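Engineer: One letter stands for each residue in the lines below.
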Amino acid sequence: MATKILVAVKQVIALDEDFEIRADGKDVDADFFLRDLNEWDDFSLEEAVKIKEAGGEVEVVVVTVGPEEADESLRKCLAKGADRAVRIWDETMEGSDSQAIARVLAAAIKHEKPDLVFAGVQSSDHSFASTGIAVAGLLGWPHAAVVNQFDFSLGATQAVIRRELEGGVLQMMNIDLPAVLSIQLGINTPRYASLRTIKQAAAKPIESWGLSELSLSASDVGEAGSASRVRRMYIPEKGRAQMIEGSLAEQAAKLAAIIKEFKGASV
Amino acid sequence: MSGILVIAEHRRGELRPVSFELIAAAESLKAAAGGPVTVAVVGQSPEAFVAALKVSGVDEIITLAAGSGDFDPDTQAAAVSAAIAARSPSLVLIPHSVDAFGYAGVLAAQGGYGFATDVFKIESDSGAWVATRGGYGQKVNVELEFPGKAVVLLTVRAAVYKPAEGSSNPTVTALAVPSVSAHVRPGEYVEVSQADDVDMTAAEFIMSIGRGIGEEARIPQFRELADAMGATLGCSRPIADSGWLPKSRQVGQSGKTASACKLYLAMGISGAIQHLAGMKHVSTIVAVNADPGASIFSVAKYGIVGDIMEFGEELKTHF
Chain A
43 MATKILVAVK
53 QVIALDEDFE
63 IRADGKDVDA
73 DFFLRDLNEW
83 DDFSLEEAVK
93 IKEAGGEVEV
103 VVVTVGPEEA
113 DESLRKCLAK
123 GADRAVRIWD
133 ETMEGSDSQA
143 IARVLAAAIK
153 HEKPDLVFAG
163 VQSSDHSFAS
173 TGIAVAGLLG
183 WPHAAVVNQF
193 DFSLGATQAV
203 IRRELEGGVL
213 QMMNIDLPAV
223 LSIQLGINTP
233 RYASLRTIKQ
243 AAAKPIESWG
253 LSELSLSASD
263 VGEAGSASRV
273 RRMYIPEKGR
283 AQMIEGSLAE
293 QAAKLAAIIK
303 EFKGASV
Chain B
204 MSGILVIAEH
214 RRGELRPVSF
224 ELIAAAESLK
234 AAAGGPVTVA
244 VVGQSPEAFV
254 AALKVSGVDE
264 IITLAAGSGD
274 FDPDTQAAAV
284 SAAIAARSPS
294 LVLIPHSVDA
304 FGYAGVLAAQ
314 GGYGFATDVF
324 KIESDSGAWV
334 ATRGGYGQKV
344 NVELEFPGKA
354 VVLLTVRAAV
364 YKPAEGSSNP
374 TVTALAVPSV
384 SAHVRPGEYV
394 EVSQADDVDM
404 TAAEFIMSIG
414 RGIGEEARIP
424 QFRELADAMG
434 ATLGCSRPIA
444 DSGWLPKSRQ
454 VGQSGKTASA
464 CKLYLAMGIS
474 GAIQHLAGMK
484 HVSTIVAVNA
494 DPGASIFSVA
504 KYGIVGDIME
514 FGEELKTHF
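Chains A and B are the protein sequences, given in the same order. Numbered according to our numbering, the first sequence spans residues 43 to 309. Numbered according to our numbering, the second sequence spans residues 204 to 522.
Quick caveat, the hints were computed from the structure, so don't treat them as lab data. If you're wondering where the values come from, they're calculated on a predicted model, not measured in any experiment. Do not rely on the hints blindly, as some may be mistaken.
[Claimed, not checked] On the chain B side, residues computed to face chain A include the following (Cβ under 8 Å):
{"hint": "1", "residue": "Val333"}
{"hint": "2", "residue": "Tyr339"}
{"hint": "3", "residue": "Gly340"}
{"hint": "4", "residue": "Phe349"}
{"hint": "5", "residue": "Ala353"}
{"hint": "6", "residue": "Met432"}
{"hint": "7", "residue": "Glu517"}
Quick reminder that beta carbons are idealized off the backbone N, C-alpha and C, glycines included.
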């Protein structure tokens, strides 16, 4: 039987320069949104595709929760080796926090019945670092976070993983399967999509699911299904470095003086 | 629901300093919480940590004997869940750490608690908890509320609160942990390999390079500059992950702790939150970056906007 790996991905939002907060004070004005596939997801997708390419019958399914714009990120995943792409959305999912998204993903996993689930450690926009692991909690699946090495053979009931801890320390762990793993940057070297695979991906279908396909109700998602609600969003006052101005030569001379003073003082 | 429960964290037999920061946070919120500050510690022999946890502000210490000496997410979640059930706190504080990444989301999902992570400010507004965290790559602050949630679980950023000191005379209670089948078995710890004998922890002057360097072929130029200035060459995560420099040279939160560093010259590093968090103890940070909007300029003491290649060459003429 084929091994199915489900990779949960997110289309993240970066902000354009000089962005503005929306009139209701609860989010940034969407005019300043720049969308892209989350950096961590490149690595978790690559990890799944690597397993597929190592041989055996493996299917890689990418799943995202998001509006139509997210199709672009799913196509990127298809171009990098995913076999199928699923986008889940319903207007009631607007305003979902990481816990509500986790509920949707958990329902998708019950539907797809994969053998392994990968998610990025965190998203580069809101960095909750909890969605994938919350999915495991809802499913009652084994889970491990911040994995930067995964040794696995098809059909195995256990795998060896390595967690990246703080301060340059790693830890080996043994985990039961099926499991949800949150994948850390650097676990592999993600590939670039080629022109050919980008073209092929453009022709592939993207499956679209809503609440009914997953037996969810509107109260499971959006603000109603969330563990938090945005009260206010604002641009913080930040400290600012003392900028060293002048010509290149002047700037370098000033910095050299700072360094020499430091070295003189520390001898 | 009243009081605050703080989850102490330990690794390899040592309490992690962030535990004391969270106790201080809890102490500052005690009046708003309208109840005691309870510290819970989970482990094979949690009583070993009790004496050290008797710091200012602690009313009770709960020991939860379970699991092996090392963290596993299933045991930790079951134990913390038992502590929440026993004390019914309105607020639970957990360090925003790699261990917490492995279980906080599970607790929140299973308990249906109010939940936010990487929180750096906690307030009470008319009896309701309000937590502030960053959003959109830390470009904005987001205030979150937790309507209808009797228990709010927050993971709190390290190095925000000053660690609790002093002493207290708390009650100590041993609490039973329901048996749990742990699906993860912790194994050995591995230090990031010392590929080239560098000791980032001892370096006082570090020059680090980041993504702004653009290509691997430029590494030697920066190595020469570092040598000429007497700096230790370090790097940000993307450079180490690409294999351009050994992992032992990575600084920032997940890299080696650059604890002795006093002068940090960041070349072409825009400043991801994890990088800044790992370097903010350094007294003098100088950042050189082509992007005037780079986050690193908000923590640096001195900043230079410019091309790091040209600037590096010019700087080298002074040494």
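Engineer: List in ascending order the numbers of the hints, as given earlier, that are violated by the structure.
Structural biologist: 5
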